[in-house]
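Enquirer: Chain by chain, the residues:
There are 4 protein chains.
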Amino acid sequence: MRTVIGVMGSGRPLPPAAAATARHLGSLIAAENWVLLTGGRASGVMDACSQGARVAGGFVVGVLPDVDTLRASSALDIAICTGFGDARNVVNVLSSDVVIALPGGAGTLSEVALALSARKPMIALGWDPGAAARAAGRIIDADTPEAAIEAAKDLLAKGLK
Amino acid sequence: MRTVIGVMGSGRPLPPAAAATARHLGSLIAAENWVLLTGGRASGVMDACSQGARVAGGFVVGVLPDVDTLRASSALDIAICTGFGDARNVVNVLSSDVVIALPGGAGTLSEVALALSARKPMIALGWDPGAAARAAGRIIDADTPEAAIEAAKDLLAKGLK
Amino acid sequence: MRTVIGVMGSGRPLPPAAAATARHLGSLIAAENWVLLTGGRASGVMDACSQGARVAGGFVVGVLPDVDTLRASSALDIAICTGFGDARNVVNVLSSDVVIALPGGAGTLSEVALALSARKPMIALGWDPGAAARAAGRIIDADTPEAAIEAAKDLLAKGLK
Amino acid sequence: MRTVIGVMGSGRPLPPAAAATARHLGSLIAAENWVLLTGGRASGVMDACSQGARVAGGFVVGVLPDVDTLRASSALDIAICTGFGDARNVVNVLSSDVVIALPGGAGTLSEVALALSARKPMIALGWDPGAAARAAGRIIDADTPEAAIEAAKDLLAKGLK
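Protein chains in written order, with my numbering: chain A, 366 to 526; chain B, 366 to 526; chain C, 366 to 526; chain D, 366 to 526.
Here chain A stands alone, though its shape is the one from the complex (with noise of 0.2 Å):
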């Protein structure tokens, strides 16, 4: 079975400088030869990171709230259509070996707390969860793209996949 990585963040329109970070982190976990798993749609840092696995010839599975396809990032290989809204955010965290979040609002935050209670490795690239996440379990900082990377190939070696 593959290794798959999940990539959550804001669903918004992303500033320049935000997209850029989502967009080179999913060229970096193409280039790692691992899937990317998002929650599918065609915004924020689930387009952005979906694009740049895309560009960079990766493997990219979104998980959506929708029943259908409407509304999905045009960078899919596959899309898993749950129809569940909100709680596809478990199906996100339980389907990833690592999960890397990017800065969100409640959306990405209750993704943070799921992969905590589901005990999945979970890595915050750029961002504070706060001290609730973090008392709730572990949190691994990442400051660029590069080190989340190296983060997730720890965890991974460690066997926590």
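If you are wondering where the hints come from, they were derived from the structure by calculation, not from laboratory data.
Any given hint could turn out to be false.
The list treats identical chains as one, so a pair stands whether inside a single copy or across any two.
Claimed, not checked - Here are the simulated SDA-like cross-link-like pairs (lysine to any residue), alpha carbons at most 20 Å apart as the crow flies:
no., residue 1, residue 2
1, Lys523, Thr434
2, Lys523, Leu435
3, Lys523, Arg503
4, Lys523, Asp433
5, Lys518, Gly491
Could you slot chains B, C and D onto chain A? The hints should help.
Expert: What follows is chains B, C and D alone, placed relative to chain A:
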């Protein structure tokens, strides 16, 4: 349709003071003739708050993560068995007119975040969900069960039901 | 915990005789002091059965496919909002001590199948779910609401609750 | 986005002929360069069809009812862990462009019904889902894996994707 107040919080064994707070909150919810909704299990805030409501003559609905009632609190009037694990946290917040969150771990934090994502009125009783949560939506702070009830009344009166 | 009887069936507008059957079944469930659980919407069997139970003083829980109560029956005491679409059919059957299925379409047939998969006691009232369903589990046939109630009593007495 | 064919059927140990049919169907799906989607477990049609696709060089996605991959088929490229039990059946059908159902029990029948409810193109291979299912939506019959593939091609060509 009856007003439903969702109470979230730690599922682990509670120190006596925390158990007393949860029980008292349950009794106050029952006194308002509101339905209490919890995660339904026989542990932590779920059980203590349900027992408090039950003793006070209230009506208690438990939305279980499980497919059956083997782990359900004895204080439930009705058990909703979802079999969804943590994804039932979404049901908890969507089914509540107001959500009151007591201190807890990753599961509770996910419910705070999911409630904010669903734009549900959210009251934090006796703890701080953190800056990331507050940036994601409005959280009303309460220091006592009585203050939480007053805040809930205000929210319901403002037509947020 | 109270006994919960789940009633499934067509969500479309009902001919008068079918509506009368569903309403009558609801009133009989209320007369037994059982909680009625339906799919919660303001249409078809869900609404007719709920109205029948409500008028007879019963307690009605609706497990909605929706994130809110905009399409809910006016006869519900409590609405469980799942936001899960057809996946809430699983919740309906898991939360019921006995499932009674009236004639319906694909959604109803899925509930019959999901109930059999969960080994829930299943009564078909006034229709034939077919050989494939019968091969998958035990289905008790009833011709009238009164016969369905008697079958449910038998099942509950046999400790199937 | 790649074309996804969902194959459903019994999760129990298969007689040799049924296993051969499922394996052969998997290999034909792979030969069309379609992605195979199954319920993901290491048993029954899920496993046999996945093994057939894998040996033929295909790509296999398993949508598991479980929170982890402990019971997953060894032939999966990607596992989607839902933790939803039978509610993942909804994900299976919503994520498939065409659903092919082999003989099975209650779970398979629920997937047929859920596919019809979602208006997904549905092919029954070698069995009869029954009059109640046929009344609920269109089911195309196929006697052999080759016929099922031809029917799927026709459905996809008609723009049902």
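Enquirer: Now tell me, hint by hint, if it's right for this structure.
Expert: Cross-check of the supplied hints:
no. : hint            : in the structure
1   : Lys523 x Thr434 : between (36 Å within a copy, 18 Å between copies)
2   : Lys523 x Leu435 : between (39 Å within a copy, 19 Å between copies)
3   : Lys523 x Arg503 : within (15 Å within a copy, 39 Å between copies)
4   : Lys523 x Asp433 : between (37 Å within a copy, 18 Å between copies)
5   : Lys518 x Gly491 : within (18 Å within a copy, 39 Å between copies)
Every hint from the earlier list agrees with this structure, and none is contradicted.
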